[in-house]
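S.K.: Heads up: the sequence lines are chains A and B, in that order. Adding 125 to a residue's 1-based position in the first sequence gives its number in the numbering used here. Adding 86 to a residue's 1-based position in the second sequence gives its number in the numbering used here.
Take these hints with a grain of salt, some might be off.
Label-pair restraints from in silico Cβ distances [stated by the list, open to error]:
#, chain 1, residue 1, chain 2, residue 2, range
1, B, H343, A, L265, 28 to 34 Å
2, B, M180, A, V228, 27 to 33 Å
3, B, L501, A, V190, 51 to 57 Å
4, A, L280, B, M522, 33 to 39 Å
With the C-beta cut set under 10 Å, the calculated list includes, among others, these residues of chain A facing chain B [said to hold, decoys possible]:
#, residue
5, I275
6, V279
7, I288
Quick caveat, the hints were computed from the structure, so don't treat them as lab data. If you're wondering where the values come from, they're calculated on a predicted model, not measured in any experiment. Glycine included, every Cβ here is placed at the ideal spot set by N, Cα and C.
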Amino acid sequence: MLEALAFYLFSAILIASAVMVIASRNPVHSVLFLILSFFNAAGLFVLLGAEFLGMILVVVYVGAVAVLFLFVVMMLDVDFAELKRGALQYLPFGALIGLVLVVELIMAGSVWVLQPAALAVKAHATPAGLTNTEALGRILYTDYVYYFQIAGLVLLVAMIGAIVLTLRSRPGVRRQNIAVQNARTAAMAVDMLDIKPGEGA
Amino acid sequence: MVLLPELVLALGAMALLLIGAIGGEKTAPAISFGAIALFVMAGAEAIWAVPSHATAFHGAFVADDFARFTKVLILVGAALCILLADEFFAPAAMSRFELPVLMVLATLGMLLMVSAGSFIALYMGLELQSLALYVLASFNRDHLRSTEAGLKYFVLGALSSGMMLYGISMIYGFTGSVEFSAVAHVVAQSGAGIGLIFGLVFLISGLAFKVSAVPFHMWTPDVYEGAPTPITAYFATAAKVAAMGLFLRAILIPFPHALEQWRQVIIVISVLSMALGAVAALGQKNIKRLMAYSSIGHMGYALLGLAAGTALGVRGVLIYLAIYVFTNLGVFACIQAMRRGGKPVEAISDLAGLARTNPKLGLVFSMLFLSLAGLPPLAGFFAKFYVFLAAIQAGLIWPAILGVLASAIGLVYYLRLVKIMYFDEPAPALDGDMAMGSRAILIVSGAVALLFIFAASPVITAADVAAKALLP
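Model the full structure from these sequences, guided by the hints.
M.R.: Encoded structure:
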């Protein structure tokens with residue numbers, strides 16, 4: 126009973142905030158609604174017993190992705206009103222395509238039968254006596270270590286790519302060199318000039 | 087040691103990255119050389135050290151004769167493209183040590199792709215390759231066209247990845263496994279239901295994007311035109327072999343019992359690609375765009391071999407890819423040699439009268455184009471011949487006839503190029519000098535095009551063995 130109540134609460138807020146993400150006028154509000162919807166989706170995962178996915182959703186999406194979005198929205202001068210201007214014009218056509226897709230999905234879904242052989246090779250359920258975080262960890266670093274390592278390489282490529290495409294070394298930049306500063310002596314820093322009166326330096 | 091070539095590339099790439107990061111830009115030539123050495127090493131290991139029938143990581147990684155054949159092709163293509171890249175960027179003082187490192191990582195992704203034994207392995211390899219390719223496409227970052235190419239490739243590539251993942255999730259949902267052999271087992275037992283076909287179609291769409299088959303070809307001309315020439319050569323050779331190898335493996339291993347379902351999709355994609363490749367290339371003015379349409383057409387012919395769904399068809403595709411890689415490398419070495427006053431030129435009109443101003447280059451260029459067109463004594467003819475043979479033996483008479491028609495139309499635009507080089511009023515002469523590496527590539531590529539007829543049997547035997555590994 127309580128679980129069902131929580132489910133409907135999370136779902137309702139999730140859908141409402143998802144709508145607000147695309148409907149709100151202020152892009153900063155959009156990002157804040159996005160964060161709200163992430164939190165509610167995380168709540169739904171916890172209800173399903175997948176607390177690890179819930180945590181990851183909060184840590185990765187709220188902690189990194191949404192904050193990055195917020196930075197982009199606030200730092201870049203993107204004219205969102207201008208971007209949205211054409212949207213209404215494409216709405217009927219987009220809605221039509223969406224409708225066709227939905228009808229097709231419903232038609233295909235109505236004749237689906239889950240094959241019995243599929244159930245036979247179904248993935249293993251979580252072993253008894255383990256939380257699912259532990260269970261995931263146990264297979265991630267053993268059975269799935271191959272994928273895990275490739276994922277690491279993909280991230281390495283992403284890092285190299287970001288540096289290659291954006292890093293520029295500008296010539297003539299003056300950098301502070303503390304060793305040189307510390308090595309300066311009074312003899313190097315002060316020049317004694319003999320100035321004749323009335324003539325200036 | 088099943089994973090040896092991949093380990094060498096992965097560790098080697100990191101070592102080169104460290105050397106580059108510590109040593110700075112002046113190490114770029116040494117790192118290019120190191121990357122080529124890595125490819126040679128990995129190739130030798132793939133041929134001699136890796137067993138013919140082995141799997142690792144619970145079937146996620148497969149080493150067999152098919153993987154060996156495609157890996158050697160990929161490594162040869164990648165090594166020669168690094169050679170081209172070194173000669174392209176060094177005179178413009180644009181060499182950066184990240185380029186060979188990214189190419190090694192992309193090549194690693196390609197090797198993982200053709201050895202994939204499960205859908206997750208397929209996707210991980212594909213993303214490793216694609217992500218590196220997006221960066222490589224926009225490597226010339228101060229150039230508008232290059233950055234545009236990278237961005238377009240990235241956005242459309244992300245879309246296609248999404249479609250493919252959706253398809254894979256469907257297949258997983260309806261068979262209960264992501265492993266190719268387990269999926270094949272389920273399909274054999276309970277047939278291909280509508281849900282599975284749904285997933286299969288999305289999977290094919292994603293893969294068709296990677297081999298730039300119609301109707302998922304839109305990115306190809308822009309990316310080929312915008313990317314720096316040696317990178318375009320890399321897209322057209324190594325990346326195409328990897329994508330095609332992945333296509334064959336991801337369709338033939340898990341879905342041999344759904345042949346009728348996927349065959350019709352592949353036939354449509356193949357015929358449309360052949361037709362568009364032949365017709366759209368007619369009006370092109372830029373040589374790299376023309377090569378893009380040419381590659382769309384060639385992938386159409388290769389897909390016809392897949393549509394046959396037999397070992398003979400796979401053999402046809404592999405022979406096709408081998409000849410295509412060598413011919414294309416030569417063509418791109420020629421395109422890279424198209425410089426006037428030290429600046430690269432890309433218009434087809436710049437080739438006018440090349441046979442008179444630079445007879446040797448004109449001759450090799452024309453011969454490679456005629457080979458791509460599939461004129462009989464040259465290598466390209468045999469590529470098409472084996473594919474059409476397999477298609478006809480599998481009963482695909484009409485697609486084969488349409489393919490022959492398309493190659494007849496395709497002949498027109500290749501001949502037009504030859505006519506421009508031989509009979510048009512000469513344009514101002516191109517710089518005659520060619521670097522050593524490009525020269526060597528041209529000699530190898532020309533020799534393959536001309537002499538394949540005499541030395542075909544080892545290639546055909548190797549392709550035969552490789553095809554038997556996929557479809558015993």
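S.K.: Holds or violated: A/I275 as interface residue toward chain B, Cβ cutoff 10 Å?
M.R.: Hint holds; A/I275 Cβ to chain B Cβ min 4 Å, cut 10 Å.
S.K.: Regarding the hint that A/V279 lies at the interface with chain B, is the smallest CB-CB distance below 10 Å?
M.R.: holds, 5 Å
S.K.: Does the hinted range 27 to 33 Å hold for B/M180 and A/V228 at CB?
M.R.: violated, 52 Å
S.K.: Does the beta carbon distance between B/L501 and A/V190 stay inside 51 to 57 Å, or does it fall outside?
M.R.: With a Cβ separation near 53 Å, B/L501 and A/V190 satisfy 51 to 57 Å, so the hint holds.
S.K.: Against the range 33 to 39 Å, how does the distance between the Cβ atoms of A/L280 and B/M522 compare: consistent or not?
M.R.: holds, 37 Å
S.K.: Is the interface hint satisfied for A/I288? The criterion is a beta-carbon contact with chain B at less than 10 Å.
M.R.: holds, 7 Å
S.K.: Would you say the C-beta atoms of B/H343 and A/L265 sit inside 28 to 34 Å of each other?
M.R.: holds, 32 Å
Checked against the numbered hints given earlier, the structure breaks only hint 2 and satisfies all the rest.
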